[in-house]
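*Asks:* Each chain, letter by letter, is given below.
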Amino acid sequence: MRGAFFSGWRPASIGPVRTLLLMALVALLAGCIHLPPEVAAVVEQADPPGRNHFRPDPPAERAADNAGPRPR
Amino acid sequence: MPVRGPASLFFLVAGLALGGCASLGPGGFATWQVEAPAGSAALDFHGIPVRTGQILVSEQGTPNSLFLSLLVAENRPFVHSAVVVVEDGWPVVYEANGRLRPSIGGRPPTETLQGGVRRLDLATFLTRNRFIALYDLPAGADPARIAAFAQASHRRQVPFDPYFDGADPTRVYCSEFVALALAAGGVSEDATLPLTPNASVGVILDWLGIRTPGIIPPASLVAGFSRVGLFSRQDSPAQMQAWFAVKAELHRRFTPDQKLGNVLQFNSWRGLRFPPEVAGFMDAVNTAAAGWAGLPDPEIDQRVRALAGEWLGPFPASY
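Those sequence lines, one after another, are chains A and B. In this text, residue positions in the first sequence follow my numbering: the first is 8, and each later residue adds one. In this text, residue positions in the second sequence follow my numbering: the first is 4, and each later residue adds one.
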């Protein structure tokens with residue numbers, strides 16, 4: 008009986024179950040990571056160089072300023 | 004204080020338990036710098052003079068650590084704190100810790116965060132945290148009362164406070180818990196600092212439902228206390244100092260008009276992370292600092308600021 012039970016789930020019906028679990032997982036993760044637009048706007052985007060204190064000017068402007076190559 | 008991602012914005016003390024005493028001591032740590040004499044009343048724990056009531060402050064050096072630091076208007080090192088208690092000859096640590104729980108529907112993480120006051124071995128604490136400092140209590144403090152407060156809070160399972168509400172002692176965040184313990188032991192300085200006036204942080208705090216006017220930075224709790232030691236498994240003393248100089252520089256550049264996304268970015272799958280420029284700056288500093296042994300702290304700070312200019316662009320020294 009036990010063998011029959013498991014054979015009933017393999018391999019044909021494991022696919023839908025797996026899909027269902029995957030959908031549940033995606034829904035769970037989506038719930039975790041959803042951000043309201045106003046919050047997303049301040050943590051998912053950065054300002055361009057010039058208004059961003061954490062990003063150097065583009066290389067062309069740096070060269071014009073004789074700042075030299077960016078260290079690596 | 005806790006945190007990870009916006010969703011994980013609050014897993015401060017998350018880390019995997021690497022525990023075990025096998026690697027404790029100078030041999031297993033890049034920094035094992037004991038600065039205080041043993042003293043007769045102290046327990047000798049791998050060379051550290053440990054006493055009930057001592058205060059631990061720590062930090063992981065992660066994006067979450069920086070996020071917590073940027074919440075406060077003034078920069079301070081460390082974002083977590085805890086109380087040491089010697090129980091039956093064995094040192095344990097009491098701390099307020101938050102743990103994120105998954106939610107459906109995109110509720111802010113403050114609504115799903117769980118946790119509270121917990122107890123762990125000092126050995127585990129030392130191996131879990133990246134940067135750690137241990138402080139002695141000032142003269143006149145009552146360590147027995149501090150221990151009693153910590154143990155009672157643990158027994159009552161006082162929950163974690165994700166809203167950093169210092170006016171509500173029924174829930175506590177890490178440094179609020181330590182401040183209350185110190186107050187129980189007769190040390191009651193107000194260490195609260197106001198939150199940052201940064202507009203983008205204000206947007207996030209609104210979403211999280213955090214209305215508190217101020218937070219207690221862990222370093223403010225131990226201001227004036229005598230340091231017992233510094234500890235880090237992977238970073239040398241110069242690298243520790245360099246990390247805190249990095250954080251100070253980032254904090255200095257995070258002026259009220261700066262978007263949080265400039266210095267910390269959120270990725271749906273990876274949570275909070277450093278933008279490439281900031282990550283590159285940090286890596287460059289950590290690599291360079293490996294060769295800065297013996298340099299005085301002001302020299303390290305100056306070198307970090309010079310690297311910031313190269314990696315992040317020039318920024319006026321007057322800010």
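By construction, these hints were calculated from the structure, which means they are not laboratory data. Some hints could be false.
Which bits of chain B does chain A cover? Going by a derived footprint, with three or more residues having C-beta under 8 Å, they are [claimed, not checked]:
{"id": "1", "segment": "203-215"}
{"id": "2", "segment": "248-257"}
Here's a subset of chain A near chain B, in silico, CB distances under 8 Å, partners left out [claimed, not checked]:
{"id": "3", "residue": "Thr-26"}
{"id": "4", "residue": "Leu-27"}
{"id": "5", "residue": "Leu-42"}
{"id": "6", "residue": "Pro-43"}
{"id": "7", "residue": "Glu-51"}
{"id": "8", "residue": "Ala-53"}
{"id": "9", "residue": "Asp-54"}
{"id": "10", "residue": "Asn-59"}
{"id": "11", "residue": "Arg-62"}
{"id": "12", "residue": "Pro-63"}
Even glycine gets a Cβ: it sits at the ideal position worked out from N, Cα and C.
*Asks:* All hints are to be evaluated individually against the structure, with a verdict given for each.
*Replies:* Against the structure, the hints come out as follows:
| no. | hint | in the structure |
| --- | --- | --- |
| 1 | 203-215 | holds (count 4) |
| 2 | 248-257 | holds (count 3) |
| 3 | Thr-26 | 18 Å, violated |
| 4 | Leu-27 | 15 Å, violated |
| 5 | Leu-42 | 6 Å, holds |
| 6 | Pro-43 | 6 Å, holds |
| 7 | Glu-51 | 5 Å, holds |
| 8 | Ala-53 | 5 Å, holds |
| 9 | Asp-54 | 5 Å, holds |
| 10 | Asn-59 | 5 Å, holds |
| 11 | Arg-62 | 5 Å, holds |
| 12 | Pro-63 | 4 Å, holds |
Comparing the model with each numbered hint stated earlier shows that hints 3, 4 do not hold.
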